[in-house]
Amino acid sequence: MHVGKIIKFYREQARMTQEQLGRGICSDTHISKIERGSTDFSPEVISLLTERLNINLEYELVKLNTIKKRLFAWHEAIVMLLLDEMEAIKLELENEQLIQISDYTALYQLIQAKYYLALSQPDAAYTIVQKMQRSQAKLPTYEGNLLLHVTGICFLAKQDYRTAIDTLKQIDAEEYNNPEYYYHMAVAYHWIGSHMMAYYYGEKSLRFFKDSRNFVRTIDAEMLLLLQVVFDDNRNQADIILRFENLIKTCDICNTPERKRIALHNLAYEYLEQNNYEMASKYYQASMELNNPKTMLYLLSLEGYIRCSLQGNLLNKEELLRVTEGGLRSAKEIHDQMLQIRFQLLLYKIEEQHEQYYSYLRNNALAVIRKNGDAMLVERYEKDLFNYYMTTGQLELALETASFLINKEKPLNKKEEMIPR
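So for the sequence shown, the numbering used here puts the first residue at 1455; every next one is plus one.
What the hints contain is simulated information worked out from the structure, not anything from laboratory work.
Check each hint, because a few of them may be wrong.
Using C-beta positions, here's what the derived DEER-type ranges look like [said to hold, decoys possible]:
| id | residue 1 | residue 2 | range |
| --- | --- | --- | --- |
| 1 | T1581 | V1822 | 25 to 35 Å |
| 2 | A1627 | N1688 | 24 to 34 Å |
| 3 | Q1739 | V1683 | 16 to 26 Å |
| 4 | Q1587 | P1497 | 37 to 47 Å |
Note that the structure is predicted; figures quoted are calculated from it, not measured.
Don't be surprised by glycine CBs; every beta carbon is placed ideally from N, CA and C.
Can you build the whole structure from these sequences, using the hints too?
This is the structure we're talking about:
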């Protein structure tokens, strides 16, 4: 059957009709049956046909038979985040025309979607997903499960965490045999505040990454597990700090600065929670030094640095205003509304413009923050507003604010410091 597919592919590439290819060799009817794999054929006929097409059949058959192997090598490189190997195999496959006639075109497209997700290009991945969903019922078992996995990651990128969980739960683990998806389950549960489930799936993914000697992804899983411990009221803060420090050392060993800056940021936040402003400032600055100033993580670290500097009196007012105004400008440049709100609130605090601060918080900021679903920020600012109204005797507004705290649905218990992959 592969022989017929190869004959047809190169005949069409040469823009020959079946009659032109078979002229003087065999009938066009016989060519048609060869291409469909519905007849026997002699080696002599095939030799003459391939000679006319100017192809080496044995070489083409070897290439066709190794496509699946190369596709799985590409997928493994993506899971391992081996960037150079990812790009090399991608280029090799893009130049392999026979993928079009192989049995693995769906697999190729789905792995291509995972490649885009690994490079933080969810829109390109989702375009492929939407196309593949139209033929989902016809996909082989493995490809069907891979489609569910890729779709779940797309929902994670869209911050639709519950739909991500519902999608990933449909995967047949025995048929799919790719425990990497446990990590994405853990991430989704983390963002909806289900820390027990996040820890359960995070541990399963950690075992997989360790067993496959996937050191970079092991860091991801360990970071995720550590963040579940952070939410434990009985946590050992000294142990958490030590574990973050060990993660940072591991990032250096594995040469993965993008994970190091997240670990530094999270460690700074832990020190800020302990009111250790000098150490928090130190690690926020260390995270910022590894980041591009025009990125969300840099600005999150900058916002944390300003908060600990303000609360710990580490900078004078003029310097605080200078760096905060710079942060606000950068937040506007990258069109991040949440960061713009946070820097604007900081400016009001630094200037001690209390009425403007609480008016902006109530009338502008909180609606956006609630819509964004960041539970930690919502709780922080709602408590801030409630305490202000109680202190100033505005009881009706205090009760209105308290109703959000008491009656709202269980929030997405986000850890703002954590940016999972």
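Hints and how they fare:
Against the hinted window of 25 to 35 Å, the Cβ-Cβ separation of T1581 and V1822 comes to about 29 Å, which satisfies the hint. At roughly 33 Å, the beta carbons of A1627 and N1688 sit within the given window of 24 to 34 Å. Restraint check, Q1739 to V1683: a C-beta distance of roughly 25 Å satisfies the suggested window 16 to 26 Å. With their beta carbons about 43 Å apart, Q1587 and P1497 fall inside the hinted range of 37 to 47 Å.
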